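Visitor: Sequence:
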Amino acid sequence: MRQGKGLIWASVAHFIVDFICAWMIFSKIPGNGPWYLELLLYNFLAFAGQLPLGLLIDHLREKHKSISRCAASAGCAICLAVLVTGIDSWFLAAAAGIGNGLFHAGSGAHILCEYRNRSSAAGAFVSTGALGIFLGSVLPFQRIVYILTIFVTAVLFLYSLRDISVKNEEPVCVKRERESHSFSIPDMLSVIFLFMVVALRSLEGSIFSFRWNDSVMTGLFIAAAVFAGKLLGGLAAGCFGRFRTSVISLGTAAVFLVFSDQMTSALVGLLLFNMTMPVTLTALYDRFPGYPAASFGLLTFALYIGVLPVFAGVVSGISSVPVYVALTMLSLILLAAGLFLQYGMKKREEDV
415 MRQGKGLIWA SVAHFIVDFI CAWMIFSKIP GNGPWYLELL LYNFLAFAGQ
465 LPLGLLIDHL REKHKSISRC AASAGCAICL AVLVTGIDSW FLAAAAGIGN
515 GLFHAGSGAH ILCEYRNRSS AAGAFVSTGA LGIFLGSVLP FQRIVYILTI
565 FVTAVLFLYS LRDISVKNEE PVCVKRERES HSFSIPDMLS VIFLFMVVAL
615 RSLEGSIFSF RWNDSVMTGL FIAAAVFAGK LLGGLAAGCF GRFRTSVISL
665 GTAAVFLVFS DQMTSALVGL LLFNMTMPVT LTALYDRFPG YPAASFGLLT
715 FALYIGVLPV FAGVVSGISS VPVYVALTML SLILLAAGLF LQYGMKKREE
765 DV
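The sequence shown begins at 415 in this note's numbering and counts up by one.
Treat the hints with caution; some may be incorrect.
The calculated label-pair distances, taken between Cβ atoms and stated as ranges, are [unchecked claim]:
#	residue 1	residue 2	range
1	448	603	23 to 33 Å
2	731	626	13 to 23 Å
3	627	725	29 to 39 Å
4	451	530	36 to 46 Å
Each computed EDC-like pair below joins lysine to aspartate or glutamate, with the alpha-carbon atoms no more than 20 Å apart [what the hints assert, rightly or not]:
#	residue 1	residue 2
5	419	502
6	477	528
7	479	528
8	442	502
To be clear, the hints were calculated from the coordinates, so they are not data collected in a lab. Note that the structure is a prediction, hence the values are computed from the model and not measured. All C-beta atoms in this analysis are idealised placements derived from N, C-alpha and C, irrespective of residue type, glycine included.
Work out the full structure, taking the sequences as your base and the hints as a guide.
Guide: Right under this line is the structure:
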């Protein structure tokens with residue numbers, strides 16, 4: 415029961431943190447001075463910054479069992495402070511990015527370690543961010559600011575209480591897991607392939623453009639498809655295995671994306687395309703069992719690498735059905751190879 419409550423609170427807090435950051439970024443940064451550079455700074459701190467933060471959290475976990483929860487709570491507190499104080503410009507970008515990164519690295523580490531080898535929990539946690547980002551970018555935030563402020567404060571307070579009450583019960587990825595872990599050439603290739611899959615997913619997700627997406631409602635449908643894909647991907651991986659889930663979901667996604675000019679087909683394709691998010695996350699954590707925060711941070715760093723070509727403008731004009739299908743199939747090949755190198759050479763598919 416306690417585990418279930420922890421996952422619920424982490425998922426809700428994920429939604430709220432992304433909601434607040436999205437509102438601040440979309441409402442205050444565009445048109446405000448060098449907004450493009452401010453947006454780049456936010457993304458660097460919020461995504462690439464999770465890797466060094468994760469390494470630090472993992473280092474401190476050996477002596478401080480509750481450090482991941484403390485980092486998550488600190489991230490919530492920073493985002494809340496940015497919201498309440500109304501800071502702007504570069505201060506907003508930097509503070510929101512650090513707060514977002516702290517929350518994700520800390521809470522992500524706790525979920526990975528608490529629910530080790532359970533893709534369903536990882537899927538539930540990562541899925542809520544998609545809804546938070548979308549709603550934060552479109553809702554008339556001023557009307558609900560006080561309600562959300564109270565809600566965030568309550569979530570943060572419950573996180574703190576739970577941290578105090580169960581701080582000695584959190585499963586820790588102890589030092590012997592790091593010392594006993596071997597790392598071969600197939601292992602290294604597997605990590606590289608998984609990293610590339612996440613970077614490609616980020617790139618493709620950034621260039622998706624559909625002519626039928628012309629309203630807030632259709633945007634909500636897209637966000638719901640991404641949310642459902644990540645959630646169902648974790649559940650499917652737990653039931654049918656990571657390899658089967660990945661091959662079937664990406665292969666079928668490529669077929670539906672061929673007809674992405676039609677809304678229904680595109681939404682199904684997006685749902686299937688996003689099902690591998692919890693798979694790559696838990697697979698990488700399996701490779702680095704002593705470093706849950708760094709594992710989470712490594713994949714968010716891959717997300718950042720994936721959007722850099724979009725920021726640089728080197729991929730402008732490539733949004734098209736053939737590109738969507740080609741990138742999806744390339745992701746399928748890389749992910750299948752990565753999972754095979756990690757699991758297929760050492761154990762049966764049923765164990766994946």
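Visitor: Confirm or reject each hint.
Guide: Evaluation of the provided hints:
Distance hint for residue 448 and residue 603: a CB-CB separation of about 40 Å, inconsistent with the stated range 23 to 33 Å. For the pair residue 731 and residue 626, the beta carbons lie near 20 Å from each other, so the given range of 13 to 23 Å is met. One distance hint, 29 to 39 Å for the beta-carbon pair residue 627 and residue 725, is violated here, with the actual separation near 21 Å. Checking the proposed 36 to 46 Å range against residue 451 and residue 530 shows it holds: the Cβ atoms sit about 40 Å from each other.
Taking the CA atoms of residue 419 and residue 502, the gap is near 35 Å; set against the 20 Å cutoff, the hint is violated. As the CA atoms of residue 477 and residue 528 are separated by approximately 17 Å, the hinted pair is consistent with the 20 Å bound. Between residue 479 and residue 528, the direct Cα distance comes to roughly 12 Å. Compliance with the 20 Å bound is thereby established for this hinted pair. Under the criterion of a C-alpha separation no larger than 20 Å, the hint pairing residue 442 with residue 502 is consistent with the structure, at around 7 Å.
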